[in-house]
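What follows is the residue order along each chain.
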Amino acid sequence: MSTTRIILICSGKGGVGKTTTTANLGIALARRGVNTVVLDADFGLRNLDLLLGLENRIVYTAQEVLAETCRLEQALVKHKQEPNLALLPAGNPRMLEWLTPKDMKAIVALLEESFDYVLIDCPAGIEAGFKNAAAAAREAVVVTTPEVAAVRDADRVIGLLNTQGVSPVQLVLNRVRPKMMSTQDMLSVDDVTDILALPLLGLVFEDEQVIVSTNRGEPLTLGPANSPAAQAYTNIAGRLQGDDIPLMDPAKARQGLRAKMRKLMQTKIF
Amino acid sequence: MELILEVRRVITLYLPDRRLQHWRDALPDLLTSCPAGRLDLHCGDWSLTCTDLRDLQRILEVSGRQIHRLETTVPETVVSAAAIGLEGRLWGDSPPDAARESPSPRSLMVHQGTLRSGDHFQSDGSLLVVGDVNPGARISAAADVMVWGRLRGVAHAGRDGATGAKIVSLHLRPLQLRIASVVARGPEDQPVAGMAEQARLVDGEIVIEPADPQSMART
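Chains as they are written, first to last, in the numbering used here: chain P, 8 to 277; chain C, 10 to 228.
Honestly, the hints are just simulated from the structure, not real lab data. Check each hint, because a few of them may be wrong.
To be verified - EDC-like cross-link-like pairs, simulated, lysine to aspartate or glutamate; straight-line CA separation at most 16 Å:
id, chain 1, residue 1, chain 2, residue 2
1, P, K20, P, D214
2, P, K109, C, D34
3, P, K186, P, E213
4, P, K112, P, E154
5, P, K112, C, D34
6, P, K85, P, E225
7, P, K186, P, E154
8, P, K186, P, D214
9, P, K138, C, D34
What the hints assert, rightly or not - Label pairs and their computed distance ranges (CB to CB):
id, chain 1, residue 1, chain 2, residue 2, range
10, P, Q216, C, Q199, 52 to 60 Å
11, P, A113, C, P84, 50 to 58 Å
12, C, S56, P, T10, 40 to 48 Å
13, C, A193, P, L103, 38 to 46 Å
14, P, A232, C, S116, 39 to 47 Å
15, P, A113, C, E218, 33 to 41 Å
Yeah, the Cβ is synthetic: ideal placement off N, Cα and C, and Gly gets one too.
Produce the entire structure from the sequences given, and follow the hints as far as they go.
Structure below.
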C-alpha cells in the first residue's frame, strides 16, 4: 500500500463548510510543500473549482480520464499560485449517473501514483453520492458546526464511516463563535465532542473574510495568516502532518478581542 | 436396488442489515464465508425488485450457488421472487429463526461502542450497551435495556409486551422511553452525576428512579 493519504472531507449536512475546508486545506498543505490534489466528488453541484478560482480552466474531468479520451495530466488543473496543488473534478454536472464506487477507486488509484495527499470533497447527504465519495477513502475529516442538526448529521456519517472501515476519522468544528459560546447560546466545544467522541483536529472561528475569499476564488490560506480562519486552516494542515499545535481556545480568543478593544479605546479615544 | 437419498445441507445466506450496508456492497465479503451449493437466502427487510433478484441470482450462480428458497419480511420481495420463479416465504415483523422462537429473557446481547444517530440495535432478550447511545439512535429489546454509558437516544424495553422490563443507564436522558406499549418523553432536567437511574412501569406510567442493583440480579 502506498503512503498517499486519501482523506474524505464530509459532514452529512450541507452548508457547514466541506468545500471551504477542502479548498483551504488543499492550499495550506500545498504551501507546506506536499503534492496535493483535491478531488471534487460533489460534481452535481460542483463548486470547489469556484472557491479555488479555477472554474475557467477546467477542460476535462475524471470521467474522460476513465473513458480514456484524455490523459490524467490533461484533466488535472494546476493552481495558479500554488503549483503543488491540483484540482480534479470528478465529473460533469450534467452527467449525474456515471460515478460508481468502482470508478472512484480507479480514479484514486491513478492519483495515488503522483500525489502525497488526495482530499476528496464529499457531497452532502448519505446517499449514493456519499457512498461513491467514501468508497476509496482511507481516512476522513468530518466537518461540523456547533448546531444540533449539524452534529446529529455528523454523528450519522461517522457511524457510516465506521461500518466502511475508514479510520482515523477526525473532527473539524467550523464557524465557532466564541462570544455565543461564552454566553452558552451555542453548543460548546465539549458538547460537540461529547456526542461525537472523535479527536478534534481543529476549531475554525466564524470569520467574515471567508465569505470575501470564497467570492473572489482565492482561499484564505493563500494570503498571510492574519485572519483567524486562515490561521485555523493552516494549523489543521500542520496537525494532519503530525505537528503538535495547541488548539485555539474560544475563551481566550474572546479575551484577546476584548483586550484589543480596550487597547484601541485607550490609544485612540481617551 | 438401493436408493440413496442425498442429505441436503442447508446453507443460509443472510443479507446485511439494511441500515448498515447495501447488500450489493456486502455480497463479495458474504460469499467468501459461504460454501457453494443450494442456499436459503434470508433477505431481512430488504425490498428487492425482480432486477435485484436476477442480479443476485446471477452473482450467486457465477460462484456456483443456487437460491433454493428465499425468506423475507417484505411482501414486495415475495412477489418479485414469485415473478422470476423462486420460492419465497414471508415472515411477520420479526426476523426468521431465533426470533420466531419464544424470546428468552435470559439471553443477553452486548454491544460495545457508541451507537450513533440512525443506528438501531435490537435484541430478543436483554441488551447491554457498553458505550453511549447518541441522540437519533434507537435500541430495543424484548426484555431489559441496560446502558453502561449515556442514554440520549430512544430506548424500548419489553418490545413484545413485557411490562416488567426496565431501562437502566448511568446517565438516563433519552429523547424518548418506551416500555411495553407505553411511551414517554425523556426528562429534561440534567441527571445527578454519578447516579445510575432506571425507568420502569408503575401503574401504567413510566417512572424514573435510582437504579436498584438487586432487581437487576434477577433478570
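Would the hint linking K109 (chain P) and D34 (chain C) be met if the CA-CA limit is 16 Å? 11 Å, holds
Are the Cα atoms of K138 (chain P) and D34 (chain C) separated by 16 Å or less? 10 Å, holds
Range first: 52 to 60 Å. Now tell me if the beta carbons of Q216 (chain P) and Q199 (chain C) are that far apart. 38 Å, violated
Does the structure keep K112 (chain P) and E154 (chain P) at a Cα separation of 16 Å or less? 33 Å, violated
Please verify whether K186 (chain P) and E154 (chain P) have alpha carbons no more than 16 Å apart. 15 Å, holds
Given the proposed pairing of K186 (chain P) with D214 (chain P), does the C-alpha separation stay at or below 16 Å? Holds: K186 (chain P) and D214 (chain P) sit about 13 Å apart, inside 16 Å.
So if I understand the rule, the pair passes when the alpha-carbon distance is 16 Å or less; does K112 (chain P) with D34 (chain C) pass? With Cα atoms ~14 Å apart, K112 (chain P) and D34 (chain C) stay inside 16 Å; holds.
For the pair A193 (chain C) and L103 (chain P), does the Cβ-Cβ distance stay inside 38 to 46 Å? Given a distance of about 45 Å, which is inside 38 to 46 Å, the answer is holds.
Quick check on a hinted range of 33 to 41 Å for A113 (chain P) and E218 (chain C), using CB atoms only. 58 Å, violated
Next pair to validate is K186 (chain P) with E213 (chain P); report whether the Cα-Cα distance is within 16 Å. Distance ~10 Å between K186 (chain P) and E213 (chain P) Cα, so the pair holds.
Run the distance test for K85 (chain P) versus E225 (chain P): straight-line Cα separation, threshold 16 Å. Roughly 14 Å between the alpha carbons, so the hint for K85 (chain P) and E225 (chain P) holds.
How does the Cβ-Cβ distance of S56 (chain C) and T10 (chain P) compare with 40 to 48 Å: does it lie in that range? 43 Å, holds
Hints 1, 4, 10, 11, 14 and 15 from the earlier list are contradicted by this structure; the remaining hints agree with it.
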